[in-house]
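Two chains, two separate frames, one set of hints: put the complex together.
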Amino acid sequence: MNRIKQIVGLMIIGIMAACVEPADLNVSRSEIIIVDGKVTTQLGDSRVILYGLDREGIQIPLTDYEVSVSSSDGTEYPFLETEELGEYRPAANFSGVIGEQYRLTAISTGGSVIVSSFDSIEEPNPFLVETVDTVRTESEEFGITITKEAKAAMAVFDVQDADYLARFTFRYVYENPLTLTAVVEEDTEAFELFSCTDEEVCQQQQSVTLSLVDFRDWTFLNPDSCDFTIDPPPPCELPCCQDFLDYPTIFTIRQESLSSGAYEFWREVELLRENDGLVFDTYPFPINGNVSCDNCNLEVIGFFSAVAVLEESELVVL
Amino acid sequence: MNEYAPGESLNSNTVIGQREYGSSEVISTYNRLEPRLGLTYSWKNNSINLGYSRTNQYLHLIANTALINPISIWRGSDNFIQPTQIDQYSIGYEVELKNGISLSVESYYKMMDNLIDYKDAAELVLNEELEQAIIAGEGTSYGFEFLLSKPQGAFKGWLSYSYTRAFIQTDDGNESINDGERYPYYSDRPHNIQLNTNYQLTKKWSMGLNFVYLTGAPTNAPNQVFVIDGITVPYFPERNAARIPDYHRLDLSFTLKSRIRKTKKNNDRWVLTLYNVYGRDNASTVFFSRGDDGPAQPFQLISIGSFIPTLTYKFDL
Numbered sequence: 001m002n003r004i005k006q007i008v009g010l011m012i013i014g015i016m017a018a019c020v021e022p023a024d025l026n027v028s029r030s031e032i033i034i035v036d037g038k039v040t041t042q043l044g045d046s047r048v049i050l051y052g053l054d055r056e057g058i059q060i061p062l063t064d065y066e067v068s069v070s071s072s073d074g075t076e077y078p079f080l081e082t083e084e085l086g087e088y089r090p091a092a093n094f095s096g097v098i099g100e101q102y103r104l105t106a107i108s109t110g111g112s113v114i115v116s117s118f119d120s121i122e123e124p125n126p127f128l129v130e131t132v133d134t135v136r137t138e139s140e141e142f143g144i145t146i147t148k149e150a151k152a153a154m155a156v157f158d159v160q161d162a163d164y165l166a167r168f169t170f171r172y173v174y175e176n177p178l179t180l181t182a183v184v185e186e187d188t189e190a191f192e193l194f195s196c197t198d199e200e201v202c203q204q205q206q207s208v209t210l211s212l213v214d215f216r217d218w219t220f221l222n223p224d225s226c227d228f229t230i231d232p233p234p235p236c237e238l239p240c241c242q243d244f245l246d247y248p249t250i251f252t253i254r255q256e257s258l259s260s261g262a263y264e265f266w267r268e269v270e271l272l273r274e275n276d277g278l279v280f281d282t283y284p285f286p287i288n289g290n291v292s293c294d295n296c297n298l299e300v301i302g303f304f305s306a307v308a309v310l311e312e313s314e315l316v317v318l
Numbered sequence: 001m002n003e004y005a006p007g008e009s010l011n012s013n014t015v016i017g018q019r020e021y022g023s024s025e026v027i028s029t030y031n032r033l034e035p036r037l038g039l040t041y042s043w044k045n046n047s048i049n050l051g052y053s054r055t056n057q058y059l060h061l062i063a064n065t066a067l068i069n070p071i072s073i074w075r076g077s078d079n080f081i082q083p084t085q086i087d088q089y090s091i092g093y094e095v096e097l098k099n100g101i102s103l104s105v106e107s108y109y110k111m112m113d114n115l116i117d118y119k120d121a122a123e124l125v126l127n128e129e130l131e132q133a134i135i136a137g138e139g140t141s142y143g144f145e146f147l148l149s150k151p152q153g154a155f156k157g158w159l160s161y162s163y164t165r166a167f168i169q170t171d172d173g174n175e176s177i178n179d180g181e182r183y184p185y186y187s188d189r190p191h192n193i194q195l196n197t198n199y200q201l202t203k204k205w206s207m208g209l210n211f212v213y214l215t216g217a218p219t220n221a222p223n224q225v226f227v228i229d230g231i232t233v234p235y236f237p238e239r240n241a242a243r244i245p246d247y248h249r250l251d252l253s254f255t256l257k258s259r260i261r262k263t264k265k266n267n268d269r270w271v272l273t274l275y276n277v278y279g280r281d282n283a284s285t286v287f288f289s290r291g292d293d294g295p296a297q298p299f300q301l302i303s304i305g306s307f308i309p310t311l312t313y314k315f316d317l
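Protein chains in written order, with our numbering: chain X, 1 to 318; chain C, 1 to 317.
Simulated from the structure, these hints should not be mistaken for lab results. It cannot be assumed that every hint is accurate.
Incomplete in silico selection of chain X near chain C, CB under 10 Å [as the list claims (entries may be wrong)]: (1) D24; (2) V27; (3) I32; (4) E189; (5) R267; (6) V269; (7) P284; (8) G289.
It should be emphasised that the depicted structure is a prediction, and the values quoted were computed from it without experimental measurement. Backbone N, C-alpha and C fix where the C-beta goes; we use that ideal spot for every residue, glycine too.
Same shape as in the complex, but just chain C (with noise of 0.2 Å):
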């Protein structure tokens, strides 16, 4: 492993030597404490919880979503990268309300520590010193949650909405990204619908509805393409500025009991799936591709851009 100048950030012109290490050779060691605290408070059909948790990320996912197809590399911590360190605060409520039917809020705030994120024009794939790529920062992130479920009877099913944040901001004293300034982390995707809901029509029919919308999630996109001593070049802002198209999805669903086999627990049933039923063409990630002539222009790689029927028989053995 490369051994660098103190103090200097880790690039190719700090390397002052290396140093071999043997096998089964201890490279490093981390030794943290993780404490937990919970607390809740019941009344009635009501609840309060409250909570705080500190935990260590010795794993970490380096994500390069700017591709068509989006690298993610999984580093363990080092004696270049230190653990990631992650304090959480949350507060929520409970309440059971008539006819079973539950809501519950919660909220919270995350700071992290030690947070990775790779350096401008870092080279991910492939590369035998990743240090070089990679920088820390600190990690903010906060939201709530919000959660109505009806569990039983002839209509049943949940309602979840949740709006949360997380950025990061990376200045080591060396190097910085956007100038020190804290900018979306890849994980930023601040609105969060999901429906799910079951209805008994008859004794034999039933019908499901499944909706999901997802903010898009941060990306990077010139916007703006300039000419220097005319060779054509694509301007990027701050990182993460742009986001990919939102993601949302309708899928029905039918079923229909089946007599096909006359036995006494029969659970048989046909099942009738529209997957995403307005064939929404949701993009998966997006890059930015060249073609023989001009500036790069943004693709999106879709993950299966259309209405998909299925017919599926289910039975019990």
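The shape of chain X in the complex, shown without the other chains (with noise of 0.2 Å):
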């Protein structure tokens, strides 16, 4: 059905291509607060952000909260700000213990309160990385022949419990051969939800797939000569440094596991992310999150969450 849905929309788009042009709205911007917190299970790994944005769209730091997560026992962690302006990181140790629930105050030196409602540290489910081989071509160019393959990572797991819900983010890391650093690839903008609420299908083996990668990078080749531009160049010629491409990468998946208004949450910001314009979007609306301000003078929104992190890599040699 999705499928029939892309094909249908993209003939629109075509259709239509020729009578379309930008628009220029003259919107008013309106003034915002934005919160974006989180406690997660790993170390260090938790922070919470405090940022406006004005009439021009310019973030704006805010800075001098007195912020701080309380559990549901009442005790209270103290976040202190960091040399990044607007954010806010635990003043000690501190992690988040699964089945705990947090939230967050952050109070302005004007006595504005922003709270946020508790949300709680899920079981998180054990996954394995899997990677699959998706697509391999040849080319011709600078007169040689060469292949490309292309790599899908993917999550996969056995979940018994029904109810699991999880967000998946995905990154890659290998070495550059030639200036023998680390190249960290994370499409920051790219992440997949799983839900599972039916116990029935919760027992079958389920997957995420994230991102495909194609690790080749040829625009260091020099096309004339086939020799290296980056001096100094490596101690062979192709078709041998075809074999010196083939470097080891490390693919890792994260998975944080979301509880029920996470997981609502974040299913609203991929659809408001996924319309393009075409028949089949759903229709725009005003994100809900879960933090207000009761005297605070302009509008709060986003989502302070609490989350279990689990990660799991896999080493590749394409």
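Here it is in structure tokens:
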């Protein structure tokens, strides 16, 4: 059904493309306060970011707030502002506990109080990382045959319990063989949500597929001589250099277990970001978070979440 | 059809069962009265009109105008969607002035019950459970219309201006839009100006002018973009808080009586029409689309956004 929707949508886009031009809507911007907070089970990973957006859309960090995270038993964990203005991190070693609930309180010097609702750290589900060969292509470039291979990373898991909600992100790391420095590639704008609320479905093996990646980068080749443009060149010539470029890569998938409230928030984010003007878009809407402020003169939006983090990696040699 | 828990909003979580209807079995029936009342008082060349009417709309138009190709879905009333009931009150005044000129002014106030709008994040197309995507609310519409017309003479035509507003408020106790605050309905286009004139320049030549101005329709536009956990998110404030660009267009026409056919009752004529004289790019809809990077940007679908001359030969047989 989704494929049919995409095809029909693209057909209509194609027909209408000639009559489409950028629009100037002259929209007056709202001044808003954003709360981006997270408590995780990983040490050093919890942080709260507070910033405002002015009428020009410029980010203004909110500094000198009294920020604390409290658990359901009333224990308070103060957060202090770091060198990065508007970013607050735990004053002492702190990591969230699975099964516990946490909420955020941030008080400005003027007495405005931003609070969140409680969010609970849900039990994560263990998973494995598998890679799948997806596309293998050959092309003629620089007078030689170059083979390109793309792989997809998958998180594969057996879900035993119902009501399993999670968000997955993905990165890979490889060492550039010429400069011998680690290259971290992360699509920070990509994530995948997983929802499993039916017990029968949950008990089947599930998987989440993340980014397709093509690691080949031939830009440093000199097409005239097939010599590398970087000095010094590697001690070989093509085609043996093709073997030289088969460098090992580490795929890492990060899982954050979500509460139902956090899942609904990220689901709304996903819907807003998926809309692309096609006929099957959902109608845009104001996003709801779990933060509020009774005595702020600006609207406060955002989400404070408490998540359990699991990361798994796999080494791949293309 | 789904059966839902009583008193709950219609969504996938409140489905308690399914009911099958046989072929030609009645699903729901609505019997409504539709009274009308009209009073006119005339004296000399003046008249005052008062009117009241109650109508019911059993066919609902559910429009999603935030797309490149606006989608309108028609849905009949059923056991989930009650007919829209409209009560309209109107008062008007007309007067015949000198030289055949007439002036009329009319004002109206309309109250609508069970006016349909779609919920936030609703999917309308190919949705087999459309009742989960829509919500009923109360609508209000009011305005006045002004019309000046001169139907005869060398110079004739009419000028109309109307100011009308249309709002909707949705809060069924379980769900709401805009936190239950009223917002502009998709048909809310306050200013509407229309000028249509024709001037007989000579016995053979006449010239016509047509001008249209219409306030842009309400739409949804993100007025901020924020980042949370590295993810860029567009921020849409209230429903229908923005407007697509206003629509306006000027057309000119020149008519020349033709003597090509030398017949007694010759009404043949050449008509040169200049459509959209200043080439206004009028947007029929505005939608948002993301490029490779960054947040969605607004684009408008243009309906005939260029100057178009046409030459026509008209004749009667």
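How the hints compare with the structure:
The restraint placing D24 of chain X at the interface with chain C holds, with a minimum CB-CB distance near 7 Å, inside the 10 Å limit. Using the Cβ-Cβ criterion of 10 Å, the hint placing V27 of chain X at the interface with chain C is satisfied: the shortest such distance is roughly 5 Å. With its C-beta approaching chain C no nearer than about 6 Å, I32 of chain X sits inside the 10 Å limit, and its interface hint holds. Proximity of E189 of chain X to chain C holds as hinted, the smallest CB-CB distance being about 6 Å (cut-off 10 Å).
Hint on R267 of chain X holds. Least Cβ distance to chain C is approximately 9 Å, under the 10 Å limit. For the restraint placing V269 of chain X at the interface with chain C, the shortest Cβ-Cβ distance is roughly 5 Å, inside the 10 Å limit, so the hint holds. Hint on P284 of chain X holds. Least Cβ distance to chain C is approximately 5 Å, under the 10 Å limit. Interface hint status for G289 of chain X: upheld, as the beta-carbon distance to the closest one in chain C is roughly 8 Å, under 10 Å.
Consistency with the previously given hints is maintained throughout, with no hint failing.
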